[in-house]
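Asks: Each chain is listed here by its residues.
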Amino acid sequence: MYLLQEETMTGKYPDIKTGQQECPAIVRLNNLNVFAEGNHILKNISLEIPKNKVTVLLGPSGCGKTTLLKCMNRLTDLYKELKVSGSIYIEEDDILHTPKNIPSIRQKMGLLSQRPYPLPVSIYKNVAYGIKLKGVRDRKLLDYNVEKHLREVGLWNEVKDRLHSPATGLSIGQQQRLCLARGLAVKPHIILADEPTSALDPISSKIIENLFRKLKTHYTIILVTHVLRQAMRLADNVVFMYDGEIIEQGDPQTLFNNPQTDKLKEYLVEGN
Amino acid sequence: MRKRKIIEEKIFRFIAAFAAYSLIGILAFIIIVILVKGFNALSVDMLIKTPKGGYYFGGEGGVLNAIVGSLYIAVGATLIAVLLGMPAALYINVHLIRKKRTQNTIRYFMDALWGIPSIVYGAFGFTLMLFLGMHASLIAGIITVALLITPIMARTFDEVLSTIPKGLHEATLALGSTKTETAFRVLFKQGFSGFITAVLLAFGRGIGDAASVLFTAGYTDLVPVNLDEPAATLPLAIFFQLGSPIPEVRERAYAAAVILTVIIFIISLGARYLSKRYSRSNLK
Chain A
1 MYLLQEETMT GKYPDIKTGQ QECPAIVRLN NLNVFAEGNH ILKNISLEIP KNKVTVLLGP
61 SGCGKTTLLK CMNRLTDLYK ELKVSGSIYI EEDDILHTPK NIPSIRQKMG LLSQRPYPLP
121 VSIYKNVAYG IKLKGVRDRK LLDYNVEKHL REVGLWNEVK DRLHSPATGL SIGQQQRLCL
181 ARGLAVKPHI ILADEPTSAL DPISSKIIEN LFRKLKTHYT IILVTHVLRQ AMRLADNVVF
241 MYDGEIIEQG DPQTLFNNPQ TDKLKEYLVE GN
Chain B
1 MRKRKIIEEK IFRFIAAFAA YSLIGILAFI IIVILVKGFN ALSVDMLIKT PKGGYYFGGE
61 GGVLNAIVGS LYIAVGATLI AVLLGMPAAL YINVHLIRKK RTQNTIRYFM DALWGIPSIV
121 YGAFGFTLML FLGMHASLIA GIITVALLIT PIMARTFDEV LSTIPKGLHE ATLALGSTKT
181 ETAFRVLFKQ GFSGFITAVL LAFGRGIGDA ASVLFTAGYT DLVPVNLDEP AATLPLAIFF
241 QLGSPIPEVR ERAYAAAVIL TVIIFIISLG ARYLSKRYSR SNLK
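One line per chain: the protein sequences are A and B, in this order.
At position 54 of the first sequence (counting the first as 1) the number is 54 in the numbering used here, and the numbers step up by one without a gap.
At position 263 of the second sequence (counting the first as 1) the number is 263 in the numbering used here, and the numbers step up by one without a gap.
If you're looking for bench data, these hints aren't it; they were derived computationally from the structure.
One or more of the hints may lead you astray.
Claimed, not checked - Simulated crosslink set (DSSO-like; lysine-lysine; CA at most 30 Å straight-line):
hint	chain 1	residue 1	chain 2	residue 2
1	A	100	B	179
2	A	100	B	100
3	A	134	A	265
4	A	187	B	166
5	A	148	A	216
6	B	99	A	108
7	A	100	A	206
8	A	140	B	100
9	A	187	B	189
10	A	83	A	140
11	B	166	A	206
12	A	265	A	206
13	A	206	A	108
14	B	49	B	100
15	A	216	A	265
16	A	43	A	83
17	B	99	A	80
18	B	100	A	148
19	B	179	B	166
20	A	108	B	189
To be verified - Beta-carbon label-pair distances, calculated as ranges:
hint	chain 1	residue 1	chain 2	residue 2	range
21	A	79	B	25	33 to 39 Å
22	B	107	A	79	18 to 24 Å
23	B	239	A	79	48 to 54 Å
24	A	37	B	33	54 to 60 Å
25	A	169	B	33	44 to 50 Å
26	B	180	A	35	52 to 58 Å
27	A	94	B	107	32 to 38 Å
28	B	37	A	81	58 to 64 Å
29	A	35	B	227	29 to 35 Å
30	B	117	A	44	55 to 61 Å
31	B	112	A	151	53 to 59 Å
Quick reminder that beta carbons are idealized off the backbone N, C-alpha and C, glycines included.
Construct the complete structure from the given sequences, taking the supplied hints into account.
Replies: Spelled out as structure tokens, the structure:
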């Protein structure tokens, strides 16, 4: 039965460093390596991502942030040239070696891309798509969830009179929020956001940022961004990557005010 | 330097515009020629009557047998081509996404099949027909034309699918879709206008081809009522009548050409309407 209420997650996963229940790791990567036609794209990545926090993956273009994100929902499977090894635990499952089917694993993670990709159907059907995939056919339940998730991303009032119009008729900022609503509708535990504001104007970007602040009470957000200020505004945890490696990680204040490596110092200087 | 660029720009624009308008001119020229030559023979009888005795010597009758035969063959073959070509194109673009070499091999063979002259399909269909103990019939024509147009259908739709942004594919899979759900619920919808174009191209080729049906569908003055009866087609009706020494019969050949062209126009307009209507929701 598809739940009307928010599903609550149990705190049965190992904690990060502190050992406190408030900050369990929802994603754990162990010795993750990705090769592409002889190039070592991700090098021995071991990382724990805390639950219900915003973790920002920061680093220059080509450092492997997007590849790391794609590993987490196995979209790397689409690329023949990518060879992935190691382990990625999402909650209790090692998704690289699990016997569970991949679509059900992917439903634990909502994906927000650099540019919005609304499905070639109406606004309503976009949000209902993932719910229907879970087998829900009851019209009232669909209506309820579509409205709920459109409200959750602040889009309901803007689209309630044209729910059955093509989603491509929305502005790009609205489309991005629609994609977020569509992702939330499958009740993910994690939101993977790959530079979700890079194609948006400042106002739309601000709306998305505010949404992330609200959403992190219920979801774990893993955000790839190039924008230092955005990372400072949103991050609870920052992972700085360079050339396929994790160089530094920690809370944003410590990381940005007291960088330990030359690479991060240089990046911060250039970024500012 | 600037003057040279302006001249260069003007010359290129002239050549491009000339090429574009020439195409419209060629089409207009074809239509005018067949209309002028066939106008006198155009009548309601041409559309609603089958050839009567002495028709091929200028007697009474029409080409209803060929109109119906052509539509039966083209529609039947297009349906088979859709059933084979659409899943093939989706398979290449969804299931073989990681297997570029297999994708390219299949595409190479489809291109080769597309390039084979229709008379070869006719000869193959004829051989197959004899092997199966069949005679010239509607079903033999449908199968042969289906073989001819399936690669056109599949490859055209494949080209459309390959232009769909990978991000849409990823976004759909990320929602928990299986590959089949992604193929039919999203990629097919996104590529629907291209699918219509593919159907139109296949239908147009199917209804207009003479060589593939020459030995397989045969020719008859009757409207076929069974799949195992021979069927006349418009291209063959044009071919047979155009070779006649009698001017009235040759006029009827042009009139049949007008009818064939009108059928193509109607299908084309319908396809454009559908394509436009269903592409409103498409991701640009």
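Asks: Does each hint hold? Answer for all of them.
Replies: Now the hints, each set against the structure:
Only pairs whose Cα atoms come within 30 Å are accepted, and residue 100 of chain A paired with residue 179 of chain B is accepted, the gap being roughly 16 Å. Taking the CA atoms of residue 100 of chain A and residue 100 of chain B, the gap is about 27 Å. The hint holds against a cut of 30 Å. Only pairs whose Cα atoms come within 30 Å are accepted, and residue 134 of chain A paired with residue 265 of chain A is rejected, the gap being roughly 46 Å. Taking the CA atoms of residue 187 of chain A and residue 166 of chain B, the gap is about 24 Å. The hint holds against a cut of 30 Å.
For the proposed pair residue 148 of chain A and residue 216 of chain A, the alpha carbon gap of about 17 Å is at most 30 Å, so the pair holds. A C-alpha spacing of about 27 Å is found between residue 99 of chain B and residue 108 of chain A, which places the hinted pair at or below 30 Å, so the restraint holds. This hinted pair does not check out: residue 100 of chain A and residue 206 of chain A have alpha carbons roughly 37 Å apart, beyond 30 Å. Note on residue 140 of chain A and residue 100 of chain B: the hinted pairing is violated, with a Cα-Cα distance of about 44 Å set against a maximum of 30 Å.
Proposed proximity of residue 187 of chain A and residue 189 of chain B is supported: the alpha carbons are some 25 Å apart, at most 30 Å. Only pairs whose Cα atoms come within 30 Å are accepted, and residue 83 of chain A paired with residue 140 of chain A is rejected, the gap being roughly 44 Å. Our distance criterion of 30 Å between C-alpha atoms is met by residue 166 of chain B and residue 206 of chain A, whose separation comes to about 27 Å. Pair hint residue 265 of chain A plus residue 206 of chain A holds up; C-alpha atoms about 27 Å apart against a cutoff of 30 Å.
Between the alpha carbons of residue 206 of chain A and residue 108 of chain A the distance comes to roughly 26 Å, so the proposed pair stays at or under 30 Å and holds. Of the pairs offered as hints, the one joining residue 49 of chain B and residue 100 of chain B is violated, with about 54 Å between alpha carbons and a cut-off of 30 Å exceeded. Distance hint between residue 216 of chain A and residue 265 of chain A is fulfilled; the C-alpha atoms sit about 28 Å from each other, no more than 30 Å. Among the hinted pairs, residue 43 of chain A with residue 83 of chain A is consistent with the structure: their alpha-carbon atoms are about 12 Å apart, no more than 30 Å.
In summary, the hint linking residue 99 of chain B to residue 80 of chain A is supported, as the alpha carbons are separated by about 7 Å, within the 30 Å threshold. Taking the CA atoms of residue 100 of chain B and residue 148 of chain A, the gap is near 42 Å; set against the 30 Å cutoff, the hint is violated. Our distance criterion of 30 Å between C-alpha atoms is met by residue 179 of chain B and residue 166 of chain B, whose separation comes to about 13 Å. For the hint pairing residue 108 of chain A with residue 189 of chain B, the CA-to-CA distance comes to about 26 Å; that is within 30 Å, so the pair holds.
Checked against the hint of 33 to 39 Å, the pair residue 79 of chain A and residue 25 of chain B fails, with Cβ atoms roughly 48 Å apart. Distance hint check: the CB atoms of residue 107 of chain B and residue 79 of chain A are about 19 Å apart, consistent with the given range 18 to 24 Å. Checked against the hint of 48 to 54 Å, the C-beta distance between residue 239 of chain B and residue 79 of chain A comes to roughly 52 Å, which is consistent with it. The given range of 54 to 60 Å is respected by residue 37 of chain A and residue 33 of chain B, whose C-beta atoms sit roughly 57 Å from each other.
At about 45 Å, the CB distance of residue 169 of chain A to residue 33 of chain B agrees with the hint of 44 to 50 Å. For residue 180 of chain B and residue 35 of chain A, the Cβ-Cβ distance of about 30 Å falls outside the hinted range of 52 to 58 Å, so the restraint is violated. The given range of 32 to 38 Å is respected by residue 94 of chain A and residue 107 of chain B, whose C-beta atoms sit roughly 37 Å from each other. Separation of residue 37 of chain B from residue 81 of chain A is about 59 Å and conforms to the stated range, judged on CB atoms against 58 to 64 Å.
A beta carbon spacing of about 56 Å between residue 35 of chain A and residue 227 of chain B contradicts the range 29 to 35 Å that was offered as a hint. Between residue 117 of chain B and residue 44 of chain A the beta carbon distance is about 58 Å. The supplied range of 55 to 61 Å therefore holds. Between residue 112 of chain B and residue 151 of chain A, the C-beta spacing of about 55 Å keeps the proposed range 53 to 59 Å intact.
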